[in-house]
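The primary structure of each chain is shown beneath.
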Amino acid sequence: MKEKLKKSPPSFAFTRRRFSSILGGAALFLSAAIARPTHAQVLSPLNFGLTPVFLTNDLELLTKLKAYLSRKTGRKVELVQRRTYEEITALLLSGQLDGAWICGYPFAQFRQQLSLIAVPIWRGKPLYQSYLIAPKGRVATSIDDLKGDIHAFSDPNSNSGYLVTASLLAERKLRPDQFFRKTIFTYGHRNVVRAVASGLAQSGSVDGYVWEVMSSLEPELTAKTEIVAVSELLGFPPIACLKTQRLSEAVELLHKALVEMSEDDEGRHVLNMLKLDGFADEPESLFDTIAAKMMLVRGLGS
Amino acid sequence: MSGTNPVSRLNPMTWPLSFKVPLLVAVLMFTVSAIITNRVLARLEENQEQHLQQLASAYLDGLSASLIPSVFRGDVWEVFDTLDRSRERYRGLNVRWTIVTNAEGKILAASDPAKFPSDIVAEKSVLAHFTDGKEVILNEEKATAFLLRPLPYQDREIGKIYAEADIGGLLQERRDVLRTLLLTNLLLTLILAIAGYLAVLRMIRPVRIMSLHLDQASQGKIELIPDSVVMRQSSEFRRLFGRYNVLSQAVNEREFLAGQLAEEEKVASLGRLASGMAHEINNPLGGMFNALDALKKHGTREQVRGTSIRLLEHGLTGIRDLVRSTLASYRADQRPRDLTMADLDDLRLLVKPEARRKRLKLEWKNEIAEAVHVPAVPVRDAVLNLLLNACASTADDGNVNFHARVESSALIVDVTDQGGGLPAHVREYLERDGAGSVPLDKRSGLGLWIVKRLCDEMNGKLIVVKSSASGTTIRLMVPPKPAELKHAA
Chain A
1 MKEKLKKSPP SFAFTRRRFS SILGGAALFL SAAIARPTHA QVLSPLNFGL TPVFLTNDLE
61 LLTKLKAYLS RKTGRKVELV QRRTYEEITA LLLSGQLDGA WICGYPFAQF RQQLSLIAVP
121 IWRGKPLYQS YLIAPKGRVA TSIDDLKGDI HAFSDPNSNS GYLVTASLLA ERKLRPDQFF
181 RKTIFTYGHR NVVRAVASGL AQSGSVDGYV WEVMSSLEPE LTAKTEIVAV SELLGFPPIA
241 CLKTQRLSEA VELLHKALVE MSEDDEGRHV LNMLKLDGFA DEPESLFDTI AAKMMLVRGL
301 GS
Chain B
1 MSGTNPVSRL NPMTWPLSFK VPLLVAVLMF TVSAIITNRV LARLEENQEQ HLQQLASAYL
61 DGLSASLIPS VFRGDVWEVF DTLDRSRERY RGLNVRWTIV TNAEGKILAA SDPAKFPSDI
121 VAEKSVLAHF TDGKEVILNE EKATAFLLRP LPYQDREIGK IYAEADIGGL LQERRDVLRT
181 LLLTNLLLTL ILAIAGYLAV LRMIRPVRIM SLHLDQASQG KIELIPDSVV MRQSSEFRRL
241 FGRYNVLSQA VNEREFLAGQ LAEEEKVASL GRLASGMAHE INNPLGGMFN ALDALKKHGT
301 REQVRGTSIR LLEHGLTGIR DLVRSTLASY RADQRPRDLT MADLDDLRLL VKPEARRKRL
361 KLEWKNEIAE AVHVPAVPVR DAVLNLLLNA CASTADDGNV NFHARVESSA LIVDVTDQGG
421 GLPAHVREYL ERDGAGSVPL DKRSGLGLWI VKRLCDEMNG KLIVVKSSAS GTTIRLMVPP
481 KPAELKHAA
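Residue numbers (the numbering used here), protein chains in the order written: chain A, 1 to 302; chain B, 1 to 489.
One chain only, chain A, in its complex shape:
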């Protein structure tokens, strides 16, 4: 053991040269430690959620949108899709999405936690309507004519595809299951049109914007349906984020990309496919009407 102790290096061996080498190594370590988060920041994808509010079956549109957002934000963009509004809203509320194109109804539901990034402008306004539709040739002029139907809703968390009709019934102190013989959820506005056009449902609640866009893209399908009633103008399904994230770099990049979309060739191409004029900053009060409907329906206990 003594021998071993003797062989151990003396403390005075800490020379200038050795010190320099340790310093250099530390500097290298530090620089690497500083550089890594910056590199990660560049690579971390921007998660953007899409609800079935839109024509999510169009792969070309999704590709173009993703390409535009990626170029405009300078970040890799992941488009996250789920079958229901609820799933997207849950992902957004849990912070897994930087932003999401949700419906006015979830926005009204979680207004305390969510902020607007931008609102789409359609036909010059950030507004749209809900349509009550029925198979072509059916004699019906109001919701009252649809009593006893098998009725197709889009999604229980959709404003135009559920809430508007539910609130109409709530005004009559009725729940959908009391008014209609049977209700079905198709989880897609296009599916509501399909259900009504095929005769599976005798009537349906659909996003007016989707129906109008479909009537130019798939006229043979919408031609089998007709509009029974149209709601008042309501706030267009917005792009929202967590209130706490509103000022984050990711959200700001998203906001910029959306608002400036109409000024960019690629962006205009995407807007053209969406049949929208652009995206704009709008006040949250735009969704007050929807909130009121929500309160009305909730008041009935549905």
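The hints are simulated quantities; they were obtained by calculation from the structure and are not laboratory data.
Any given hint might turn out to be false.
With a Cα cut of at most 27 Å, we get these calculated DSS-like pairs of lysine-lysine [to be verified]: (1) A/182 <-> A/224; (2) A/72 <-> A/275; (3) B/481 <-> B/461; (4) A/136 <-> A/147; (5) B/365 <-> B/461; (6) A/224 <-> A/275; (7) B/124 <-> B/134; (8) B/124 <-> A/182; (9) B/266 <-> B/297; (10) A/136 <-> B/115; (11) B/134 <-> B/115; (12) A/182 <-> B/115; (13) B/266 <-> B/361; (14) A/72 <-> A/256; (15) B/115 <-> A/147; (16) A/147 <-> B/106; (17) A/243 <-> A/66; (18) B/115 <-> A/224; (19) B/466 <-> B/361; (20) A/182 <-> B/106; (21) A/64 <-> A/136.
Place chain B on chain A using the hints.
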């Protein structure tokens, strides 16, 4: 001649080969094609059903896998959406409609909701075609396949899939195959039958040539088949035609020789006749010269003169009769004429020298009173030959019998000798129809052959009435001439 018999026409054995072989080919082809068509259709049907079963199973497997969760949840839209999308995926099956019911039998959704609305119990008339436990039921009348698949979930049936598929395409395909097969086979059969007919016609052409020549030969005219025709035939028929030509040549030569022989016999007969006649004339001549001498010496005496003149007259009459009958037999004018009693009686004079030479007794019985409608010259020739033959056969001092009569317009002449009887082959020769075209063998002489030839020419018959060691009777029967028959009719 059998070909004209309507009964034998129905007998396939008598049908011509040129008809039978193509018919046989056609029948065989039809049989083969019927068997093949049957097999192909049966196999096609089997394959189609198997294919349909597999397709139906795949369809139901695919549907039930995606439908079970939705049916379990009672999700009308998901059920409809699944059915709607499956329409694109299973185009090969041509499904008319599909219904999915829940455990209570209520329609959850159908591929055609307008026809089968949701949330009501499916009509019994619609479900009547389906049978539990049978996944696929084919109804060819309705050109429909009925598919049924229960939807199990944790050992419980939560619903059923009912589907109706149009199998008109499959049946049409089967009909198309049948039509194509029938048409192809019909065409093939027709082509083969025609080819068979032509081939057989070509094959039997040499037989027809041979048959034609044989027909001509049977009518007495034997012609050789030309070398150009012979050389065109296949080796078998070339050999056959060659042999036929050799045979025909031999027959023709034989005919020619027979003709020559006949001429020679005629000359020989003429010689014999001439010597007989000379003898016959010579006999009275001695008496006549004696009478002349008596006239010269004692012509002044009334008695001598009368006797001498009578003797001269008698002798000259004998000579005149002999010359007359000879002229009658051999005169150049051979115009056919009817036979008279005198024609036959003349023969007695012609035979007499031969009879006298052998000291034969001629028993003559001529019952012909008036002319008989048979040709006089050939009958006389034939009877003369028969008589000469009888004289030759009968031993010296014997009897030769002649008996002529008419029975049913036919002339019948019996000539009987006292010879040693006819050999069997001579008897067969005389009695066989048409045997006169060829001479009898050398041993038998030409007399009987000439008789047979003449008899055949007159369509007559020779019958050996009696033939024994004590003698022979040969009967010549000559029917009336056809012209006379017509006249009589």
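Here is what the structure says about each hint:
{"no.": "1", "hint": "A/182 <-> A/224", "result": "holds (21 Å)"}
{"no.": "2", "hint": "A/72 <-> A/275", "result": "holds (20 Å)"}
{"no.": "3", "hint": "B/481 <-> B/461", "result": "holds (14 Å)"}
{"no.": "4", "hint": "A/136 <-> A/147", "result": "holds (17 Å)"}
{"no.": "5", "hint": "B/365 <-> B/461", "result": "holds (21 Å)"}
{"no.": "6", "hint": "A/224 <-> A/275", "result": "holds (22 Å)"}
{"no.": "7", "hint": "B/124 <-> B/134", "result": "holds (17 Å)"}
{"no.": "8", "hint": "B/124 <-> A/182", "result": "holds (23 Å)"}
{"no.": "9", "hint": "B/266 <-> B/297", "result": "violated (45 Å)"}
{"no.": "10", "hint": "A/136 <-> B/115", "result": "holds (16 Å)"}
{"no.": "11", "hint": "B/134 <-> B/115", "result": "holds (25 Å)"}
{"no.": "12", "hint": "A/182 <-> B/115", "result": "holds (18 Å)"}
{"no.": "13", "hint": "B/266 <-> B/361", "result": "holds (26 Å)"}
{"no.": "14", "hint": "A/72 <-> A/256", "result": "holds (8 Å)"}
{"no.": "15", "hint": "B/115 <-> A/147", "result": "holds (21 Å)"}
{"no.": "16", "hint": "A/147 <-> B/106", "result": "holds (21 Å)"}
{"no.": "17", "hint": "A/243 <-> A/66", "result": "holds (24 Å)"}
{"no.": "18", "hint": "B/115 <-> A/224", "result": "holds (16 Å)"}
{"no.": "19", "hint": "B/466 <-> B/361", "result": "holds (20 Å)"}
{"no.": "20", "hint": "A/182 <-> B/106", "result": "holds (13 Å)"}
{"no.": "21", "hint": "A/64 <-> A/136", "result": "violated (35 Å)"}
The structure is inconsistent with the numbered hints 9 and 21, although it conforms to all the rest.
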